[in-house]
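A.B. asks: Numbered per the UniProt record's numbering, the sequence shown spans residues 1 to 283.
In short, the hints are calculated from the structure, not lab data. From a predicted model like this one, the values you see are computed outputs, not experimental measurements. Any given hint could turn out to be false.
[Stated by the list, open to error] Simulated pairs of lysine to aspartate or glutamate, EDC-like, Cα-Cα distance not exceeding 20 Å:
1. K187 <-> E243
2. K183 <-> E243
3. K196 <-> D124
4. K91 <-> D123
5. K172 <-> E200
6. K143 <-> D199
7. K191 <-> D244
8. K196 <-> E106
9. K279 <-> D199
10. K91 <-> D108
11. K148 <-> E87
12. K172 <-> D108
13. K172 <-> E275
14. K172 <-> E106
15. K278 <-> D244
16. K103 <-> D124
17. K148 <-> E35
18. K148 <-> D123
19. K169 <-> D108
20. K264 <-> D199
21. K172 <-> D51
22. K169 <-> E122
23. K103 <-> D199
24. K120 <-> E58
25. K148 <-> D51
26. K172 <-> E147
27. K279 <-> E235
28. K183 <-> E193
29. K121 <-> E106
30. K143 <-> E35
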Amino acid sequence: MLARHSSNYALCRLYLRKVSRNLRSIVDRETTNCESVVIEFSRNRTWLSVDSPSIVYECPEEGLCIAKHVWESNKPSKVKLNGSHWELAVKDLSSFLTNRNWKFGEIDIRFDPEDTFEEKKEDDANRLNALVSILSSPMSPSKIYAEKIHIASETLAPVITLLPYFQPKTLKSLSFWCDRIHKKHLKQLMKTENWKTADELVLLKSKTLECCLLGTTSITNVLMLGDSDLEALNEKVVGIMEEDPAYTRGRYNIEGANFYFEIKCERNGETVRLEVRKKPISG
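With the hints as constraints, model all of the structure from the sequences given.
C.D. replies: Right, here's the structure in full:
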C-alpha cells in the first residue's frame, strides 16, 4: 500500500524485495508497472536508473565499488561493496528485470559508444555476456514485457543478441544508436520477429550514415543542410528503393500482405528525417 502512493512506485517495490524473503514473495506475486529502466556502462562507472532515481556504481580501486543512490532532493547516499561496478549493477538489474510480473514501458541499455579505449571490445563483450546469462536463466520468464527498447552500442551485435529475450507482440518501438552498421548485422536484425512486428523503428544516430550520405568527415562536424543536400539524400534513398519492383512513389508493397510501408525523406530545420511507416491497405 505504501508503494502505491509513492512517486517512485517501481523503485519502492524493488527495495521491499530486499527486506525479507516473505516480502519478496508478496511483491513478486503482484504486477509491477515500471515506466523506464536505464543501464549505462562506461569505463569507470555504471549507471542504473529505475523510473528516474539512479544508482551510480564506481570503483575507486580494484575490488572495491561505491554505490551512490542519487535522488532529486537529497545528497547521494553511499554504500561500499566488493566487486566490479558493472557486475554489481547487472546483479541488481537481474533482481527485477527477469521477474515475469514486471512490465516495462521502456528499457534502455547503453554500452557507451562514445567511450573509446583499448579494452573496450573485451569489456563490452563481458557485459553483454553477463546480461545474456541473466536473461537466459532458468528463473527468467520466456520473454520480457517491454513497450520500447533502446540499445546503444558500437555495432548491431548486442541488439541482435538481446532482442530475442523480449516479447515481440508488446514491443511498440525499437531504436538503436550504433557507430558501425554492418550489412550482415542489419540483415540478421531484419529477420527477427521484433523487427517485423514493431510499430516504430528508429535509428537515432549513425556515423556511417552521416559520413557516407551527407559527406561529413567527423562526428563532431556540424553540417548545415541546404535544399540541394536534402535532394541529394532523397535521390539516394529513392534510387536504392526503385531497384525493387515493389516500390512505387514512396510506397513499398508486400506481396500477399494487408499492409504496405510508406517511406518519406524530409527536412525539419537542421534535421533530416527518414521515416518508414507501416500502414494498412484500405478497402
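A.B. asks: Taking 20 Å as the top limit, are the C-alpha atoms of K278 and D244 close enough?
C.D. replies: Holds: K278 and D244 sit about 18 Å apart, inside 20 Å.
A.B. asks: Hey, K187 versus E243, does the alpha-carbon distance stay inside 20 Å?
C.D. replies: Cα-Cα ~18 Å, so holds.
A.B. asks: Given the proposed pairing of K279 with E235, does the C-alpha separation stay at or below 20 Å?
C.D. replies: Not satisfied, since the Cα-Cα distance of roughly 23 Å exceeds 20 Å.
A.B. asks: With a cut-off of 20 Å on the C-alpha distance, tell me whether K103 and D124 pass.
C.D. replies: 26 Å, violated
A.B. asks: Can you confirm whether the C-alpha distance between K148 and E35 stays at or below 20 Å?
C.D. replies: 10 Å, holds
A.B. asks: Take the C-alpha atoms of K148 and D123, compute the straight-line distance between them, and say whether it is at most 20 Å.
C.D. replies: Between K148 and D123 the Cα gap is close to 26 Å, so the pair fails against 20 Å, i.e. violated.
A.B. asks: Holds or violated: K103 with D199, Cα cutoff 20 Å?
C.D. replies: 18 Å, holds
A.B. asks: Between K169 and D108, does the CA-CA distance stay at or below 20 Å?
C.D. replies: Measuring from Cα to Cα gives roughly 18 Å; hence the hint holds.
A.B. asks: Are the Cα positions of K196 and E106 separated by 20 Å at most?
C.D. replies: 19 Å, holds
A.B. asks: Hey, K183 versus E193, does the alpha-carbon distance stay inside 20 Å?
C.D. replies: Roughly 18 Å between the alpha carbons, so the hint for K183 and E193 holds.
A.B. asks: Straight-line Cα separation of K148 and E87 no greater than 20 Å?
C.D. replies: Violated. K148 to E87 sits at ~24 Å, over the 20 Å cutoff.
A.B. asks: Do the alpha carbons of K143 and D199 lie within 20 Å of each other, as the hint requires?
C.D. replies: 18 Å, holds
In summary, the structure is inconsistent with hints 3, 11, 16, 18, 22, 27, 29 from the numbered list given earlier, while agreeing with the others.
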